[in-house]
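Chains as they are written, first to last, in our numbering: chain U, 1 to 312; chain B, 1001 to 1137.
Please keep in mind that the hints were generated in silico from the structure rather than gathered at the bench. Since the structure is predicted, the reported quantities are computational estimates derived from the model, not experimental observations. Ideal Cβ placement from N, Cα and C applies to all residues, glycine included. Heads up, some of the hints might be wrong.
Derived lysine to aspartate or glutamate pairs resembling EDC-like cross-links, with alpha carbons at most 20 Å apart [unchecked claim]:
1. Lys-1044(B) <-> Asp-75(U)
2. Lys-243(U) <-> Glu-304(U)
3. Lys-253(U) <-> Glu-283(U)
4. Lys-1037(B) <-> Asp-72(U)
5. Lys-1034(B) <-> Glu-236(U)
6. Lys-228(U) <-> Asp-193(U)
7. Lys-1120(B) <-> Asp-259(U)
8. Lys-1034(B) <-> Glu-304(U)
9. Lys-1120(B) <-> Glu-288(U)
10. Lys-1085(B) <-> Asp-1057(B)
11. Lys-1034(B) <-> Asp-67(U)
12. Lys-1034(B) <-> Asp-75(U)
13. Lys-239(U) <-> Glu-120(U)
14. Lys-1037(B) <-> Asp-75(U)
Listed next, the stretches of chain B that the computed footprint assigns to chain U, with coverage defined by at least 3 CB atoms under 8 Å from CB atoms of chain U [unchecked claim]:
15. 1030-1038
16. 1054-1068
17. 1105-1112
Taking CB as the label site, the calculated pair distances span [as the list claims (entries may be wrong)]:
18. Thr-1043(B) <-> Arg-311(U): 36 to 42 Å
19. Pro-278(U) <-> Ser-1105(B): 36 to 42 Å
20. Ile-241(U) <-> Lys-1044(B): 30 to 36 Å
21. Asp-1057(B) <-> His-135(U): 37 to 43 Å
22. Ile-1048(B) <-> Asn-70(U): 57 to 63 Å
23. Ala-1087(B) <-> Ala-80(U): 38 to 44 Å
24. Ser-1105(B) <-> Glu-141(U): 21 to 27 Å
25. Glu-288(U) <-> Ser-1105(B): 47 to 53 Å
26. Asp-1086(B) <-> Ala-80(U): 53 to 59 Å
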Amino acid sequence: MSPLVIPLFVAPLLAQYHAPRTPDGKPDLQGVWTNVTITPLERPADLSDKAFFTLQEAAQYEKNFLDQTNADRRDGGAQADVNRAYNNFWYDRGTKVVASLRTSLIVDPPDGKVPPLTPEAQMRQAGRLAAAREHPFDGPESRALTERCLVWPTAGPPMLPSFYNNNYQIIQAPGYVMILVEMIHDVRIIPTDGRPHLPANVRQWFGDSRGRWEGDTLVVETTNFTGKSPFRGSDENMKLIEKFTRTGPDTIKYEFTVDDPTAFTRPWSAEIPMNRIPGPIIEYACHEGNYAMTGMLAGAREEESRQAAQRK
Amino acid sequence: MRTKWAVLAGGAVLTAAAPVWAHHAFAAEFDSTKPVKLRGKVTKVELINPHSWIHMDVVGPDGKVTNWMVEGGSPNALIRRGFTKDALPVGAEIVADGYQAKDGSARANGRDITFPDGRKIFVGGSNPDEQPNYQGK
């Protein structure tokens, strides 16, 4: 059988996968899943004209990635060494590219890049960075939202892989789908009973999600964001569409489209496979042991006293 | 074609480098000019989030015992790999190689944590093939 023949057989079979049903007759997305992959969200600059790897290129990319990200390396000098934080065993960033062999998770625009920000979004972004630079260590409030255990830029919505805690649990009940996100351990409860979004003046950090079933696909629309936790520069006007489709006994195809005309110069979309893993998900009670916050602030106070002593 | 891919792969070495970053700014907490190598016995293992802390008694050159805290990563991945507190019992002798806290307290990040004979204590992440997590296909 020539290699060309296989995809022609397999593709229709995959498309025809019939998801099992919940007791109320909906496609069953339940389980514990991971979206871990080393395929980057955006296509690397040097692959600009290459949307897909060959198998050989994928293997080479995986090897290069693992070499480069190996935190056990001690070859970068003291500053890099500190930033590598701790041994590689604590990281869980995956070892493989996605099975489609795409060179980016972004599938649209075709260049695999997040589209440019609008001029006003660029100004907002610059303002935020400048404010953060001005008082970086005044107190916990001046630290990043991630360090304060409030949100994580990849924990969603939309949900992307990061360097650990890439796990999700989906539970369904009549009229609802629930997604537990391991990173920062937030739960999204998504009504699928046709109710309207919250009034426009009610804003939430994770937005307001509403789901509907289109054939075997769960379509989730999220609006009512605050703009306080921008996703790649998004603002409170982001409308996010996510799609969940079972493609096999142990796989979900997860797609999302970001539409935010006041932030991005065009909508953009990504596709990420989710694979079943054994549970359970262990609670990531992030702030419970956040000794690092006092450690960082104590470090900053020490720096200040050193500088003050030098001035004398 | 072969040459082209060689160039491509060379460039990809750079772009494949995901940012090496942890939950927080390690450089804000630890001093790159104060490397430490601690040898001592484990007194407590805190498998807590967002970062684990291993406590150890270290005997100084003057015979004085100091209890150090050594920072590691999020325990969730370790627990999924079957790592428990029993894997690093109280009393076990370890070597922690890292950098001391900027404020001068007895805290360090655990850049390398090994048994005195050099064996790594945690090997899950060093050998991805052993990880039970499905790896992206």
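Cβ separation of Ala-1087(B) and Ala-80(U), checked against the hinted range 38 to 44 Å: Given a distance of about 29 Å, which is not inside 38 to 44 Å, the answer is violated.
Take the C-beta atom of Thr-1043(B) and the C-beta atom of Arg-311(U), compute their distance, and say whether it sits inside 36 to 42 Å. 40 Å, holds
Satisfaction of hint between Asp-75(U) and Lys-1037(B), Cα-Cα up to 20 Å: With a Cα-Cα distance of about 17 Å, the restraint between Lys-1037(B) and Asp-75(U) holds, given a limit of 20 Å.
Next pair to validate is Lys-1034(B) with Glu-236(U); report whether the Cα-Cα distance is within 20 Å. Roughly 44 Å between the alpha carbons, so the hint for Lys-1034(B) and Glu-236(U) is violated.
Range hint compliance [Cβ, Ile-1048(B) to Asn-70(U), 57 to 63 Å]: 25 Å, violated
Pairwise hint evaluation, Glu-304(U) against Lys-243(U), where the allowed Cα distance is 20 Å at most: Roughly 50 Å separates the two Cα atoms, so the pair is violated.
Pair hint outcome, Lys-1034(B) versus Asp-75(U) [Cα-Cα no greater than 20 Å]: OK: Lys-1034(B) and Asp-75(U) at ~17 Å, within 20 Å.
Lys-1120(B) paired with Asp-259(U) [C-alpha distance capped at 20 Å]: Violated, at roughly 47 Å.
Should the hint that Asp-1086(B) and Ala-80(U) are 53 to 59 Å apart at their CB atoms be regarded as holding? For Asp-1086(B) and Ala-80(U) the Cβ distance comes to about 34 Å; the hint is violated.
Are the Cα atoms of Lys-239(U) and Glu-120(U) separated by 20 Å or less? Holds, at about 18 Å.
Between the beta carbons of Pro-278(U) and Ser-1105(B), is the distance compatible with 36 to 42 Å? 40 Å, holds
Run the distance test for Lys-1120(B) versus Glu-288(U): straight-line Cα separation, threshold 20 Å. Measuring from Cα to Cα gives roughly 28 Å; hence the hint is violated.
In summary, the structure is inconsistent with hints 1, 2, 3, 5, 6, 7, 9, 11, 16, 20, 22, 23, 25, 26 from the numbered list given earlier, while agreeing with the others.
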